[in-house]
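*Asks:* Heads up: the protein sequence lines correspond to chains A and B, in order. At position 51 of the first sequence the residue is numbered 51 (the numbering used here), and the sequence of numbers has no breaks. At position 99 of the second sequence the residue is numbered 99 (the numbering used here), and the sequence of numbers has no breaks.
Just so you know, these hints were derived from the structure itself, not from any lab. All figures in this text were calculated on a predicted structure; none of them were measured in a lab. Check before you lean on any hint, since a few could be wrong.
Computed beta-carbon distance windows for the label pairs [what the hints assert, rightly or not]: (1) B:Arg52 to A:Glu135: 26 to 32 Å; (2) B:Ala275 to A:Lys171: 32 to 38 Å; (3) A:His18 to B:Asp88: 51 to 57 Å; (4) A:Gln87 to B:Phe124: 43 to 49 Å.
Where chain B lies over chain A, by a calculated footprint (3+ residues, C-beta under 8 Å) [to be verified]: (5) 151-159; (6) 218-230.
All residues carry an ideal CB built from backbone N, CA and C; glycine is no exception.
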Amino acid sequence: MNAPILRVEGFEKHFQLHEQDKLIPSSKDVNLEVYSGKLTALIGPTGAGKSTILKGIYRTYLPTAGRLLFTAEDGSEIDLASADEHQILDLRLKEIAFVTQFLHFLPRQSTLNVVAQPLIQRGRSIEDAKDEARELLAAMKLPMRLWEISPATFSGGEKQRVNLARGLIAKPRLLLLDEPTASLDTKTTERVISLIESLKYEGVAMLAIFHQPELVDRLADDVVEIQPPENSNLILEEIA
Amino acid sequence: MDKVLQVRELSVVYGKGCASCYKKTGPDFNSNICPDCGSVVAAHDVSFDLYRGEILGIMGESGSGKSTAVKCLFFDEEPTNGKALFYDEDQQYNLFRLNKAQQRRLRNHRFGMVYQNPNLGLNFDISAGGNIAERLLMSNVSNYSDIRGRAVSLLSRTEVLSERMDEMPKNFSGGMQQRVQIAKALATNPPLLFLDEVTTGLDLSVQAAILDLILEIQQQSQTSMIVVTHDLGVIRLLADRTLVMKYGRVIETGLTDQILEDPQHAYTQRLVASAL
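All chains, full assembly: derive it from the sequences and hints.
*Replies:* Structure representation (structure tokens):
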């Protein structure tokens, strides 16, 4: 078997809330591996800290402990938990993408621009990037009449597809998926599934959280069960 | 990745200063006034790097020292301490060691500044086009039709009607004055742009248009920018990384999404919580 593209060792995250004088544990003792061309699924009850792990890897959350060893395209190994901010920004631009259930987009931008953005940021010409965005949106069967308007008024399913297209367009080496099919109907979900399958075929490594267990069965090569950290629902230790 | 600016241990003290100025001020003392000598420590120990094409946000309430830091870099104020290196076309400038002429040269050619108050950035006694011409003349463009042509293209880029370029800025609305100021700052294609509370006090729709314009400029020209603001929305929209300042000190720095979703410092947590 190939070496993993991402190795998570002893990941831990807690939040220190100064106003309330509380320590909120969110994830503890997480160990997992993600491989190119394979999908690792995170399962576990609500509140187990599954999303926290993804956000920790993307560095939206600052990990409390542990190592997140990512093997970059040039072969170097980077600990995402402690890497310099510029290094993280560079990886986000070129190698790691995150698709959540919520669409964060720049207001007042057409859908086509929103989707093309990651390619433009990587230095592709605007026309080129838009062409690829059109192709991807067509593959996801997003009606063409929506392409030139902002996703602000879209339905949940439409937004979700824009979100996915934006995450996939730059062909990241590692893709983090947080319930990418959460608000989709069966037909659209099938399209997303075949898209994920073709990404696997192209060698993209994926770490995913799925709402529906049958998607885990169909797509996951590896399943990691996450347990909520101990004491997470007790009154938490007071901090000085 | 190319580094454009490296700032280390920048400090600004107003007043005579004494040995306890730095020790007895800051967030831990809830004050930036030295209790021993009464000097104001506007900024202390501010350090950061800025890369090409990057937008760095400096966030904090009024009096936190966020503008002071930027004003030093633009030579509007003199630092008490610290070092800043500006990297430009294989050259390296030790900003606070340059003589006045060298500073003026950088200000006129390689830096752009947009102030909250257009009065500071624009000359209100000459026309909008004249303001841009002034900056071009200072950087040795002297052919009349070149200047006129460049002014028209800059003003159209910032969506100021070129028919109005011969009017005085005082006849313009606040949003339009701000756009003329941005056009003026961009006149020499500076690799480094300072934006000090540029949308504060403007209508929401005008704010949006100006922020869109700033993003467009950053994307088209790979301009590095430092955006000073107290507005979390501006930070969220523009900045890749953010410094949070309080009482003259940097209390937290991080990726902008991390600062907003997982703030570490008590003050930042309160700030983010009040915005949501």
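*Asks:* Each hint should be assessed against the structure and marked as holding or not.
*Replies:* Hint-by-hint comparison with the structure:
no. : hint                             : in the structure
1   : B:Arg52 to A:Glu135: 26 to 32 Å  : 31 Å, holds
2   : B:Ala275 to A:Lys171: 32 to 38 Å : 35 Å, holds
3   : A:His18 to B:Asp88: 51 to 57 Å   : 41 Å, violated
4   : A:Gln87 to B:Phe124: 43 to 49 Å  : 45 Å, holds
5   : 151-159                          : violated (count 0)
6   : 218-230                          : violated (count 0)
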